[in-house]
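Take the given structure of chain A and dock chains B, C and D with the ligands to it, following the hints.
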Amino acid sequence: MSTVEHAPMSTQTTTTKPNVVARALAHPSVRGLGLVVALGILIIVGLITAGQRFGSLDNALTILRFAAVVGVVSVGMTFVITGGGIDLSVGALVALSSVWATTLATQTMAEDFHWIVMVGCALAVGSGAGLINGLLIAYGRIAPFIATLAMLAAARGLAEIIAQRRTQIVEVDGFLEVFGGDVIGIPVLVIMFALVAVAGWVLLNRTTFGRRTVAVGGNPEAARLAGIKVQRHTVLLYVLLGLACGIAAVMIVARTNTGSSTHGSLLELDTIAAVVIGGTLLSGGRGTIVGTVLGVLIFATLTNVFTLNNLDTSTQAVAKGAIIVAAVLLQQRIAGRSGAS
Amino acid sequence: MSTVEHAPMSTQTTTTKPNVVARALAHPSVRGLGLVVALGILIIVGLITAGQRFGSLDNALTILRFAAVVGVVSVGMTFVITGGGIDLSVGALVALSSVWATTLATQTMAEDFHWIVMVGCALAVGSGAGLINGLLIAYGRIAPFIATLAMLAAARGLAEIIAQRRTQIVEVDGFLEVFGGDVIGIPVLVIMFALVAVAGWVLLNRTTFGRRTVAVGGNPEAARLAGIKVQRHTVLLYVLLGLACGIAAVMIVARTNTGSSTHGSLLELDTIAAVVIGGTLLSGGRGTIVGTVLGVLIFATLTNVFTLNNLDTSTQAVAKGAIIVAAVLLQQRIAGRSGAS
Amino acid sequence: TSNEPAAEQDEAADAGSEGPAAADSDAPVESGEPVVIGFSGPEADHGWLAAINDSALAEAERYDDVELRVAEGTNDASLQISQIETFINDGVDAIVLLPTDGAALTDIAIQAMEAGIPVINVDREFSSPFAARTTILGDNYGMGISAGTYACGLIEENDISDPVIAEIAGIDALPLTQDRSEGFADALEECDQEVDNRVAAEFTVESGEAVASNLLQAAPRIDIIWNHDDDQGIGVKAAFDNAGRDEFFFIGGAGSANAMRWIQDGEMEATVLYPPTQAADGIRLARLIAQQNGMSDLVQPEVPRRIVLNAPVVTADNVEEYLPLGFES
Amino acid sequence: MPDPFLLSMRGIVKIFPGVRALDGVDLDVRAGEVHCLLGQNGAGKSTLIKVLAGSHRPDGGEIRWLGEVVGLSSPTAAIAHGIATIYQELDLVDGLTVAENVYLGHEVARGGFVDRREARQRTRDLLARLGHPEISADQEVGRLSAAGKQIVSIARALSHDVKLIVMDEPSAVLDGEEVDNLFRVVRQLTEQGVAVVYISHRLAEIRQIGDRVTVLKDGRTVIVGLSAADTPTSELIELMTGQSVLNTFPARPGVRQDAPVVLDVQGLSRNAEFSDVGFTVRAGEVVGLAGLVGSGRSEILETIYGARRASSGSVAVRGAKLRNGSVGAAVKAGIGLAPEERKSQGLLLMESVTSNISVACLDRFAPGGFVRFGAERSAAADQARALDVRPTGVDRLVRTLSGGNQQKVVLARWLLRECRVLLLDEPTRGVDVGARGEMYALIRRLADDGVAIVVVSSEVEEVLGLADRVLVMREGRVVHEGPADEIDERRVLDLVMEEVAA
Ligand SMILES: Nc1ncnc2c1ncn2[C@@H]1O[C@H](COP(=O)(O)OP(=O)(O)OP(=O)(O)O)[C@@H](O)[C@H]1O
Ligand SMILES: Nc1ncnc2c1ncn2[C@@H]1O[C@H](COP(=O)(O)OP(=O)(O)OP(=O)(O)O)[C@@H](O)[C@H]1O
Ligand SMILES: [Mg+2]
Ligand SMILES: [Mg+2]
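Chains as they are written, first to last, in this note's numbering: chain A, 1 to 341; chain B, 1001 to 1341; chain C, 2001 to 2329; chain D, 3001 to 3502.
Honestly, the hints are just simulated from the structure, not real lab data.
For every residue, glycine included, the Cβ atom is placed at its ideal position computed from N, Cα and C.
All the pointers check out, no bait thrown in.
Simulated restraints on C-beta separations:
#: 1; chain 1: A; residue 1: Leu330; chain 2: B; residue 2: Ala1060; range: 49 to 57 Å
#: 2; chain 1: C; residue 1: Asp2162; chain 2: B; residue 2: Ala1060; range: 25 to 33 Å
#: 3; chain 1: A; residue 1: Ser283; chain 2: D; residue 2: Arg3207; range: 42 to 50 Å
#: 4; chain 1: A; residue 1: Ser283; chain 2: B; residue 2: Ala1194; range: 28 to 36 Å
#: 5; chain 1: D; residue 1: Ile3223; chain 2: A; residue 2: Leu33; range: 42 to 50 Å
#: 6; chain 1: B; residue 1: Thr1315; chain 2: A; residue 2: Gly180; range: 30 to 38 Å
#: 7; chain 1: D; residue 1: Glu3418; chain 2: A; residue 2: Ile44; range: 52 to 60 Å
Which bits of chain B does chain A cover? Going by a derived footprint, with three or more residues having C-beta under 8 Å, they are:
#: 8; region: 1135-1148
#: 9; region: 1157-1171
#: 10; region: 1270-1282
#: 11; region: 1326-1333
Chain A with its partners taken away, still in its complex shape:
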């Protein structure tokens, strides 16, 4: 009898300590440690090479304002990728939403046109397109890569048709005042990014929806047999991302004061890169919002440092490639240091 008592005890004593490590490692923020270091190094480099010009609050805000748009989409992308999918159409969706909303605004130039309508339109278009993506993937059983590639082509084309390949200039009063402005010195765009990020974090880490997303991405069959409505959940993920694209569209319109079918070009690469650099598994089943945000900030800061040192694009590209590799390797070493197998 006593042996029965002891056996587990003994294993327990040996296990508990390392378990702490294991548990800690499982925690995103620590997996993101490498990223923090990378970002830190980047900032130091910036300060050394550009000094005050880099260190100024203005410059910080410039970086954040630039990061905001990519950031919002990346948060949405984190959910889709964690859920085992991918979306190549985000850039196109941003373009489409921006164009649709702004043409609506410019055409119905009635005085009583309120900017809320425009914003609503952008969000609706984004979510709608996301819904189509989701349905094609979940019920049409089309590989996410293909379905969203098709959407990428279609949405850009449609955007061009709607805008007649003209840049739509927005003159809706109130709109710019709201989204172009800032609250106690912090640009509204940055605040929006922050809110989206926080909401995303809570949704992914604290709600059943988030937990199910992880399950669906990790092992769809197991999730299905566990009673999760995998297909419906998948659709929701793409709608969510579509919504994020709608928000991003509003932000770009506020930033450029225009809607254009060229907005958000190659956004898909930037966002996926930020998400994956952040530590979300491209194969699904594991995602981290903190990592994504760090990934976005790293890329934004990188570009800024380049500009401040007026590097030409070619050199920038080469450096960017090298830095990405370095960052990931660094991240691994640090994770490895903390004892992951």
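Using the frame of chain A, we list chains B, C and D with the ligands on its own:
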């Protein structure tokens, strides 16, 4: 004893019937049936809308010549994807190879410079860059998406630096005669594509290398336990694709008579799309060269039909999106019809 | 509006042709107070845009009182905006801006002006007159007009009955492409002709070759082809050679050195000039404005608000004269 | 003088982050013997044989092969020495055919080109030798049942020219007949002087086939080379668990006749797999499904659960018919399914034990959609403790658990979720004797609380011992239905093989 003999027999009766179907379904050519149908429909549409202009031999050759470059890279990409990887840098590698080779040619304008050197250079550059990709992924343990994204940036940047952002015009005598010409009416480029495709098919389906590629992509752990050197194999896959990019570079140079850092832009999307449409699993473990070739031909024909009908780019994009979805759904229905569960 | 460029012709011709000529000949100019100029343009990976950057750099080189900050390279309005923000944060003395999309960068340009930094708008025009102190416009619409008018002339001379006219545009989503096509169509209207086949490439050699070879299949016989851009023109030309087709008049755009050589060798009919020297002019004006000088190089004492470079057609007759303007693709 | 042992391992240590999986293990294997490795779940058996297969690098200890000290640094090295391994988790490539899987890594090839005809032929021979000529060499492995896959991995091991074959719970997915086939092959091998290391939790099998026994406990060797023949089962159990005798099957109180019918299955059919299956389960009743592998039992459970679409027939819970092919409907009606293949159908390998247990009833811990981790964790911990999941600590990743413990986690998920109907497919697969007792007790306790339970097991003894009523299946048809205590093992086997007798 007899029981031992019979018991399994009994299960046989239940299993064999579905098995026949199962085996048939497993066969690539049948999985590709839907694609053949899709291509057929496309051709019919072409004939109806553009008649002789579409049906002419010249036009067929135009389509094939156009498909050749994408095709060669797609065959290489099929291996990488089947092996569980992905490569976003193919377009950049083509650009780099083309630029490197052509600058070499234009700079060392000595009489004794033979075009073989130029071709060799292109292939070497392609394979070399592929090798770097492979090492980063297999031994550096960097996610393929990220590693090759970094390579994409770096290679394009490097190409621009080497070319000093000039388009390199080739005046190596002999080169164009060989690659620009045709054999018994068939353009050399098309012949090269055909050879690469056949070689790829044999390599994937008839050699240990091909079978191991499927294993590495389908279940790396099982492959490792079976004594396959997974890491080394992975490196080889990327070198192979790099080589294909080198070949494609030579073909583009022959086609455009130039080397440029802008060559092969967005080639990564076109190739991956063709491969996945073809029926190769993006998650790895299953690949078909036949399907890939069909996928490439479908896209090439699509563009041709569009142009013949003088569609504007926007409408083209929308149509393209719709057609991709339609093709895949059609493909599934046909597979479904053949009785897959 | 088709005659507007003509109106400003002489002045434009100066600004146009003198850029590079000066760059070569002039000895370093006497320096004034040192100024910092920020320059931002679209992604300049090759050809015309690269020439834009190079000429800007070359121009800046000539003045030891000019420090040039280059934030080059993007087709993403959002990124270019943050680059301009950086300039504003830096408090540069003047900004030369070639926007990826005029309208999209208008607001930030206005912010710069309000921050007391004069903005020189190059090539693609802002949507507000308050966004720039001076505007040096490449005239895309005018380019189309010139090409179209020249085409009409060809049809006249060779009295071609119902000619097949083809157009190979650049990146179709860009407003500037639309302007060019519109101008081309309007001009053809004058001699009641229209575009029979139109394809769009991406300013790259490869895309030029691809769309051209398909175009040749679409149109078994062509009389006149206008190709918007001589960079992609190299590919277009390759496609013609591969297909062994040369029955048509081949008109180009922008005026690369290649194109001009082809014209000399009679392999190309003409090309519509769209000089990449405007950036150089931009830098020069930026310096003058930043130093509160008048425009000593020009006739008037004051820097004009608006300079529109016209789009002359380069043909075998005048190619020698324009060759120095030709840029290497 | 030559070493009497083919293989001898001394003081093997293997440390994983979190556990000392092996803490000084010894193992001696003679040529031509069947050496059985016993131990509770998590004792270290699989880890030990992975060290032997060159898949894990040991952190200490010495391995002698034919008297020579060898470093088995890679699977290749082990294979080269003539050590073949059948792993506990079926490590096959779904995308490849049976023949390609069998010869993966040592393809029958000339100059890099696969000789497919030859490979196919040899594979057929191997499968025939295993008594499975019906498995086609050209079939994609992904389409085989769990059992089929196990056969292929055995063929795979035999395809090497070996001196030692290690089998890690090969019988877990096999039924009696299959096991007999396997043993026949094992005997052939041993007669040829090949040694076999055999791992199983079914002590009866040890008696049948084993020559000597080594017992592991918590990563240490309890005893080496015990004679299998003259060691009473009770002693083996005591060595493994420390407990003396186990009361295996709990008492059956017997179902009250007035107990309401909860699950009502009628004329259920699904094209090739089974046809016209009908039975009812009352509240508090345990119904067992016996039959050969491939008789369609898993398919029946999955169809009842809505995971597969029935071609005809109906399923009703408490009289309410369920929508065909809808898991959602089944779940809403209170049905739970513990699936057959834990890795592919059950587990979220990268997730913690907690989230694996709670995933099926997350809402209970999430008022308003926000998860309350405290409640979730403690509930999961209770279940884990009840099933004695080791090592304790519900935060470790399921990936790092031993096979049997993973199985317990899957079961714990469904025990935690209070269902009206519980469908258990091979619930005790790979679970050690000690824990089985716990499971049987738990299942019975649930039944007593009024849950209707259906159990599929390939161990007839288990079905008879656990169930109130048994259904015997053959080729997708119910050939017998009746109270469990009115039928014995022999009779069931006869029924299963009936047409043989006829
Ligand atoms: N990859 C791993 N990482 C961490 N711990 C592991 C890993 N693999 C096994 N372990 C631990 O090592 C111990 C032994 O596991 P092993 O699989 O050898 O047990 P086993 O005897 O095979 O049990 P079973 O009979 O259930 O298969 C267990 O505590 C398990 O949790
Ligand atoms: N994925 C599959 N594809 C095709 N046929 C399958 C598949 N899974 C099982 N089968 C077939 O369906 C029948 C039943 O399979 P299965 O072995 O699951 O029955 P079972 O009675 O549940 O056996 P077990 O005792 O292993 O649960 C068998 O003929 C098997 O070959
Ligand atoms: Mg085990
Ligand atoms: Mg089963």
